[in-house]
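The chain contents come next:
There are 2 protein chains.
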Amino acid sequence: MKDKYGFPLTKIGIIGGGQLAKMMAQSAKRMGFFVLVLDPAPDCPASSVCDRVLVGDFYDDNKIREIAEASEVITYDIEHIATRILKILMDEGYKIFPSPALLEIIQDKFLQKQVLYAAGIPVPKFKLLESLEPGSFKSFGFPCVQKARKGGYDGRGVQVIRGYEDLKNILKVESYLEEYVDIEKELAVIVARSSKGEVKCYPVVEMIFDEQANICDMVIAPARISEDVKEEAKAVAVKTVEILNGIGVFGIELFLTKDKKILVNEVAPRPHNSGHYTIEACITSQFEQHIRAITGLPLGSTKLLMPAVMANLLGEKGYEGPPLIEGLKEALSIEGLSFHFYGKSMTKPFRKMGHITILDENIEKAIEKAVKAKKLLKITSEVRK
Amino acid sequence: MKDKYGFPLTKIGIIGGGQLAKMMAQSAKRMGFFVLVLDPAPDCPASSVCDRVLVGDFYDDNKIREIAEASEVITYDIEHIATRILKILMDEGYKIFPSPALLEIIQDKFLQKQVLYAAGIPVPKFKLLESLEPGSFKSFGFPCVQKARKGGYDGRGVQVIRGYEDLKNILKVESYLEEYVDIEKELAVIVARSSKGEVKCYPVVEMIFDEQANICDMVIAPARISEDVKEEAKAVAVKTVEILNGIGVFGIELFLTKDKKILVNEVAPRPHNSGHYTIEACITSQFEQHIRAITGLPLGSTKLLMPAVMANLLGEKGYEGPPLIEGLKEALSIEGLSFHFYGKSMTKPFRKMGHITILDENIEKAIEKAVKAKKLLKITSEVRK
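Chains as they are written, first to last, in the UniProt record's numbering: chain U, 1 to 385; chain S, 1 to 385.
Here chain U stands alone, though its shape is the one from the complex (with noise of 0.2 Å):
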């Protein structure tokens, strides 16, 4: 027998109503689907464009219960809520994907390398800091990278110690040591894994940094690499992906050292960073592929339909304010160019305040438009810092 799908399809829930979650929601939307967000603040990016949102903290257990009990399915993007009431609910027969078990592994980045590395998948090698003192570091060896176990997001919660020199500046929350790799490029994959167990992988992309902010800065698709290092690093992130029994999309970024090994750095649980450019430049972007592994559809084509560089707009230094768009037009006259702004109500230093996607079938000419463009695009403010 056929399936049969009601209106108003599966109603979905979405923990937080930041860019990824708008991004989210207009993908079920356009398929149909009822989604409802959960954020502590009624005009988050999401909220215009789902059916209803729910004004509450991700750490409120009444809260996430509301969500669930209006859902047929949650889900969430960002990785910092409490799995605590997650797991409760999923006990009682809610449906959370990813599941809060695999969530409570990657929000312990530690937890996240011991059970990578446990699976035999490449990683950094890591060590768990058990006392600040200098003696922990030196006998790890400089240079090394300390990383906090808990709450880091974009470049916070990362120390990099050249030797002596800056044990001034190290983190002074529960951290474990990584080694200071050479690296070649920083690449990423968007992996989808359905309910199903159906995998789908994306290109291979590169990551630049943002080396002030330490925020992913540009995204060139594909990755100006090898086909053999393409193969390597999709077959490490989808093994990486099915380790931790994952369902819904997940950006695993990569090292590419200058010895072409691929290790894991790091495992984002939701759409990420690196897959804004499926938007336009894929067949199935990676936020209506999110929907589709969460409510058990068959995944999408994950083709690339042409070269695609997606840059961030960060809010500039020196403004904190309602955000001001300074060279809209002249970028918008970019051929190619496609303009996304969060509609986030305040901008500030280094905030992701939106993003631009260009597509180019010459990836440098991509590059380079996208370079003009981001000398153009200004998100400042009438306020001054």
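Some hints could be false.
Heads up, simulated DSSO-like pairs for lysine-lysine below, C-alpha to C-alpha not over 27 Å straight-line [claimed, not checked]:
no., chain 1, residue 1, chain 2, residue 2
1, U, Lys200, S, Lys372
2, U, Lys196, S, Lys378
3, S, Lys317, U, Lys4
4, S, Lys303, U, Lys329
5, U, Lys352, S, Lys11
6, U, Lys375, S, Lys352
7, U, Lys329, S, Lys4
8, S, Lys303, U, Lys348
9, U, Lys329, S, Lys196
10, U, Lys378, S, Lys87
11, U, Lys4, S, Lys352
12, U, Lys372, S, Lys317
13, U, Lys11, S, Lys378
Residues on chain S that point at chain U, a partial pick, calculated with CB under 10 Å [unchecked claim]:
no., residue
14, Lys11
15, Arg30
16, Met218
17, His340
18, Leu359
Worth flagging that the hints you see were computed from the coordinates, not collected in a lab. In this text, a Cβ means the ideal position worked out from N, Cα and C, and glycines have one as well.
Given chain U, work out where chain S should sit, using these hints.
Structure of chain S alone, referenced to chain U:
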């Protein structure tokens, strides 16, 4: 000095909240605009993907004024709206695109034909029907097509008169007669023209009609016709929009006659069913293009990334009630298929409930896939009529 856009950019008011408004709103929200919609139904398709819904009739002057006052640019997703109040508002300085003067021409199909004919645009032979006596039809010549001057859409208001025997079926409304054109293919071109006068043209597509319902059933992009005919079709479409001084996106429906002539059939002053494929298949969708055009932004690239076929999902005969979707999983497992469901609360026979778009390098394969998907996907209801 560079342009500066504030948040939430320009406020866009859309009169009508159907599927076209929904897709316009989704494009506008992606770019960060504030979107209001006026519709009699509070749960109209656009309602859950925009910032604010005004509930009211399209012929209610007060409601039209209310949305105008709350917006910086006004547009519409249907042509059957009151133009008198729009003209008053325009005189008061409100920005309304396309203009009410253009809309009045479009609304009266006879006037539309007269204006195009007078400007040298090729159209089928036509004549006002001054009386419903058999002699008026005979003197024009059989076979002919009687068309209502106003209110027709999706095949309504059109009557083919092959001879005296069909005169019992004539429309008893103000109408005109058109020659019965010997058609090789029905074509369409989406043309965008911005408030700055910039013009961009999408690829020429083929429209395949459901003969029973006389509704566009399938769109094939690009059309399988010679380059010469494509160039001529585009030139006629662009000239049509320029003659009308159109601002926004327009769907120009064309006949390709058996003797390879291009004739303009009809103009839609808004994004058009024949351009839905642009969401997945072109760099800039017709909906984003409409938003760019009416807000004075530079137009985006209309490049076709891959051949595509769009098929409408119409309500099945025999059902009228809350919709059910049959065969969704089976259809979504077809490689390259994207699914759109508009979220209308009730299905009825031949109502446009959603559409699918299939991308495939090989257009004939895309057509095969679309035919297969149409057989799998059925919009029914628990309620039989």
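Evaluated hints:
This hinted pair checks out: Lys200(U) and Lys372(S) have alpha carbons roughly 23 Å apart, not beyond 27 Å. Our distance criterion of 27 Å between C-alpha atoms is met by Lys196(U) and Lys378(S), whose separation comes to about 23 Å. With a C-alpha separation of about 17 Å, the suggested pair Lys317(S) and Lys4(U) falls inside the 27 Å cut-off, and the hint holds. The suggested pairing of Lys303(S) with Lys329(U) holds, with an alpha-carbon distance near 20 Å, which does not exceed 27 Å.
Restraint check: the Cα-Cα separation between Lys352(U) and Lys11(S) comes to about 22 Å, which is no more than 27 Å; the hinted pair holds. Note on Lys375(U) and Lys352(S): the hinted pairing is violated, with a Cα-Cα distance of about 44 Å set against a maximum of 27 Å. With a C-alpha separation of about 9 Å, the suggested pair Lys329(U) and Lys4(S) falls inside the 27 Å cut-off, and the hint holds. Distance hint between Lys303(S) and Lys348(U) is unfulfilled; the C-alpha atoms sit about 36 Å from each other, more than 27 Å.
With a C-alpha separation of about 12 Å, the suggested pairing of Lys329(U) with Lys196(S) holds against the 27 Å cut-off. Using a Cα cut-off of 27 Å, the hinted pair Lys378(U) and Lys87(S) is violated, with the two alpha carbons roughly 38 Å apart. Straight-line distance between C-alpha atoms of Lys4(U) and Lys352(S) comes to about 19 Å, which keeps the hinted pair within the 27 Å bound. With a C-alpha separation of about 54 Å, the suggested pair Lys372(U) and Lys317(S) falls outside the 27 Å cut-off, and the hint is violated.
Proximity of Lys11(U) to Lys378(S) is assessed by CA-CA distance (about 21 Å); at most 27 Å being required, the pair is judged to hold. The beta carbon of Lys11(S) comes no nearer than 12 Å to any beta carbon in chain U, farther than 10 Å, and the hint placing it at the interface is violated. Look at Arg30(S): its Cβ gets to within about 6 Å of chain U, closer than 10 Å, so that hint holds up. Using the Cβ-Cβ criterion of 10 Å, the hint placing Met218(S) at the interface with chain U is not satisfied: the shortest such distance is roughly 19 Å.
For the restraint placing His340(S) at the interface with chain U, the shortest Cβ-Cβ distance is roughly 6 Å, inside the 10 Å limit, so the hint holds. The restraint placing Leu359(S) at the interface with chain U holds, with a minimum CB-CB distance near 5 Å, inside the 10 Å limit.
Figure legend: structure checked against the earlier numbered hints; hints not met, in rising order: 6, 8, 10, 12, 14, 16.
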